[in-house]
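J.: So you can see what is in the structure, the chains are spelled out below.
There are 4 protein chains.
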Amino acid sequence: MYIGVVGDGMCPPEVAEAAEKVGAELARRGCVVVCGGLGGVMEAACRGAKQAGGLTVGILPGNDRRAANPFVDVAIVTGLGELRNGLVVKSSEAIIAVGGRYGTLSEIALALKLGRPVVGLDTWQLYREGGLDRGILVATTPRDAVEIAISLASQ
Amino acid sequence: MYIGVVGDGMCPPEVAEAAEKVGAELARRGCVVVCGGLGGVMEAACRGAKQAGGLTVGILPGNDRRAANPFVDVAIVTGLGELRNGLVVKSSEAIIAVGGRYGTLSEIALALKLGRPVVGLDTWQLYREGGLDRGILVATTPRDAVEIAISLASQ
Amino acid sequence: MYIGVVGDGMCPPEVAEAAEKVGAELARRGCVVVCGGLGGVMEAACRGAKQAGGLTVGILPGNDRRAANPFVDVAIVTGLGELRNGLVVKSSEAIIAVGGRYGTLSEIALALKLGRPVVGLDTWQLYREGGLDRGILVATTPRDAVEIAISLASQ
Amino acid sequence: MYIGVVGDGMCPPEVAEAAEKVGAELARRGCVVVCGGLGGVMEAACRGAKQAGGLTVGILPGNDRRAANPFVDVAIVTGLGELRNGLVVKSSEAIIAVGGRYGTLSEIALALKLGRPVVGLDTWQLYREGGLDRGILVATTPRDAVEIAISLASQ
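Residue numbers (my numbering), protein chains in the order written: chain A, 1 to 155; chain W, 1 to 155; chain P, 1 to 155; chain E, 1 to 155.
FYI, nobody ran anything at the bench for these hints, they're computed from the structure.
Simulated pairs of lysine-lysine, DSBU-like, Cα-Cα distance not exceeding 35 angstroms:
no.: 1; chain 1: W; residue 1: Lys50; chain 2: A; residue 2: Lys113
no.: 2; chain 1: W; residue 1: Lys113; chain 2: A; residue 2: Lys50
no.: 3; chain 1: P; residue 1: Lys113; chain 2: E; residue 2: Lys50
no.: 4; chain 1: W; residue 1: Lys113; chain 2: A; residue 2: Lys113
no.: 5; chain 1: E; residue 1: Lys113; chain 2: P; residue 2: Lys113
no.: 6; chain 1: W; residue 1: Lys113; chain 2: W; residue 2: Lys50
no.: 7; chain 1: P; residue 1: Lys113; chain 2: P; residue 2: Lys50
no.: 8; chain 1: E; residue 1: Lys50; chain 2: E; residue 2: Lys113
no.: 9; chain 1: E; residue 1: Lys50; chain 2: A; residue 2: Lys50
no.: 10; chain 1: E; residue 1: Lys113; chain 2: P; residue 2: Lys50
no.: 11; chain 1: A; residue 1: Lys113; chain 2: P; residue 2: Lys113
no.: 12; chain 1: P; residue 1: Lys50; chain 2: W; residue 2: Lys50
no.: 13; chain 1: A; residue 1: Lys50; chain 2: A; residue 2: Lys113
no.: 14; chain 1: W; residue 1: Lys113; chain 2: E; residue 2: Lys113
DEER-style ranges, computed between Cβ atoms:
no.: 15; chain 1: E; residue 1: Glu14; chain 2: P; residue 2: Asp144; range: 37 to 47 angstroms
no.: 16; chain 1: P; residue 1: Val138; chain 2: W; residue 2: Gln155; range: 48 to 58 angstroms
no.: 17; chain 1: W; residue 1: Gln155; chain 2: P; residue 2: Leu132; range: 49 to 59 angstroms
no.: 18; chain 1: A; residue 1: Met1; chain 2: P; residue 2: Arg29; range: 51 to 61 angstroms
no.: 19; chain 1: E; residue 1: Asn63; chain 2: A; residue 2: Glu17; range: 32 to 42 angstroms
no.: 20; chain 1: E; residue 1: Asn63; chain 2: P; residue 2: Tyr127; range: 27 to 37 angstroms
C-beta atoms are modelled at their ideal positions from N, C-alpha and C, and glycine is treated no differently.
Just need the whole structure built from these sequences, with the hints factored in.
T.: What follows is the structure, encoded as structure tokens:
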């Protein structure tokens with residue numbers, strides 16, 4: 001099962017720690033970790049996955065493979081800029097958003113548009129017409145996030 | 001000046017009416033209207049622009065030019081699916097979101113990520129870390145939305 | 001009818017002259033000229049089209065609209081790099097290749113793959129298994145090229 | 001080292017045999033095999049690579065992961081249609097073309113445009129201005145093709 005982990009390329013230590021736990025838990029469950037291949041949340045998730053013996057895929061925005069973080073096993077070079085976010089989403093059966101800013105929001109939105117399950121850990125809250133949108137499933141711990149993502153992706 | 005109008009492919013009459021007014025006002029100000037080329041808000045914005053003598057561009061998700069609404073002057077065929085949303089954003093100097101669902105949210109997020117001004121009319125509200133994100137500039141009327149978009153795009 | 005004109009971004013004067021005549025003839029026939037928006041053959045085709053009162057579309061590889069040549073009416077900003085070649089092809093009902101190098105060859109190949117008619121003026125010759133591939137229709141003059149492209153695109 | 005193997009999705013047995021040998025030799029040399037993920041040459045190359053204990057990546061044109069051939073280890077879902085050919089090229093440090101038709105030609109052309117080494121086994125021959133273009137390096141055996149690709153990719 002391929003699970004995407006999305007979040008900002010620069011993040012505070014507690015967000016990185018959560019992403020690392022998400023990556024490790026995904027690897028322990030036998031999932032491939034898909035991400036945007038750069039730093040911050042992406043690097044933390046890959047580091048966690050590698051420490052737990054998993055496989056990691058980084059779908060890079062630029063044209064240089066060397067931009068991948070050192071924990072990426074398979075680097076895909078796209079040259080698509082931010083549009084590569086859509087490939088991270090399409091290549092994932094569910095996504096887990098950890099923190100994140102506008103780039104992460106674009107991945108969340110695209111995943112919801114495409115019907116992929118989206119689990120959030122301290123990420124965006126979306127309101128429309130005065131009400132909370134329930135598209136993002138809120139998790140409270142990294143393990144919880146992985147649990148929800150896997151159970152929904154396999155449906 | 002190229003201004004994008006983004007919103008859902010199916011929308012209630014009052015949203016279509018607002019989009020049509022946005023399109024007309026953009027045309028009167030000499031702007032090219034860029035959109036995703038399909039129905040709903042996109043069609044309404046194009047219809048308004050054409051009634052006011054403007055030029056409209058539709059960047060289509062599929063491989064068939066005939067999917068464009070009848071008010072599109074220049075249809076770009078991409079076959080990129082939802083990833084074409086990114087081209088609508090990149091080809092616009094500012095975007096105006098009218099209503100909208102997840103696809104629109106992805107365009108809003110990508111525009112904010114890329115530093116394009118985003119004006120919203122009855123669209124998403126975004127919260128992060130408990131606070132309202134101020135990225136989307138809230139307009140109260142179609143004319144207001146156009147006014148804000150043009151003034152920010154020209155900066 | 002949308003006809004693509006593809007060729008190198010830098011070209012000798014006689015190639016530019018041919019491209020300009022192609023653009024002018026397309027405009028006289030009421031076609032929209034689609035191209036990659038930059039210099040060389042693209043610019044010459046747009047210049048010809050504008051001199052004959054036509055409409056031109058430039059689908060740009062980069063993120064900056066100002067890279068468009070001055071004869072582009074509608075500039076599409078993609079940030080896709082060379083992958084935008086595929087959008088030039090998809091947005092054209094037939095393509096005319098004038099001279100050209102590897103980038104042009106990629107557009108020719110993609111158009112043939114997608115079943116779009118391809119007309120060549122002093123462009124590549126393709127051999128496979130020892131025999132000439134007949135996919136590219138050889139024209140001898142700009143007017144001839146336009147004639148063939150329009151007649152095949154309308155089938 | 002990532003080496004792309006490109007060729008047709010349907011091919012005669014002798015072409016598949018060559019592709020399988022290419023895949024196996026690449027795996028023995030420790031290369032990751034990158035391809036379009038479907039049948040024919042792509043499947044044969046992946047099968048060869050897996051038999052030799054290698055790692056394979058398939059960059060799919062559609063939206064369904066299940067379209068990948070059974071020898072793909074890591075499937076990237078793009079929904080980009082034929083434009084995904086560009087990602088196969090960008091994600092490879094050199095490409096080996098085995099046989100092939102127009103889709104393969106588009107990959108060859110794009111690789112040459114981007115300066116990636118291209119090795120051909122019974123593939124296209126390109127002429128321009130009456131002369132053979134020397135961009136494609138001609139190999140006579142699968143082992144030869146791999147040898148050339150690796151030595152050029154590492155420069």
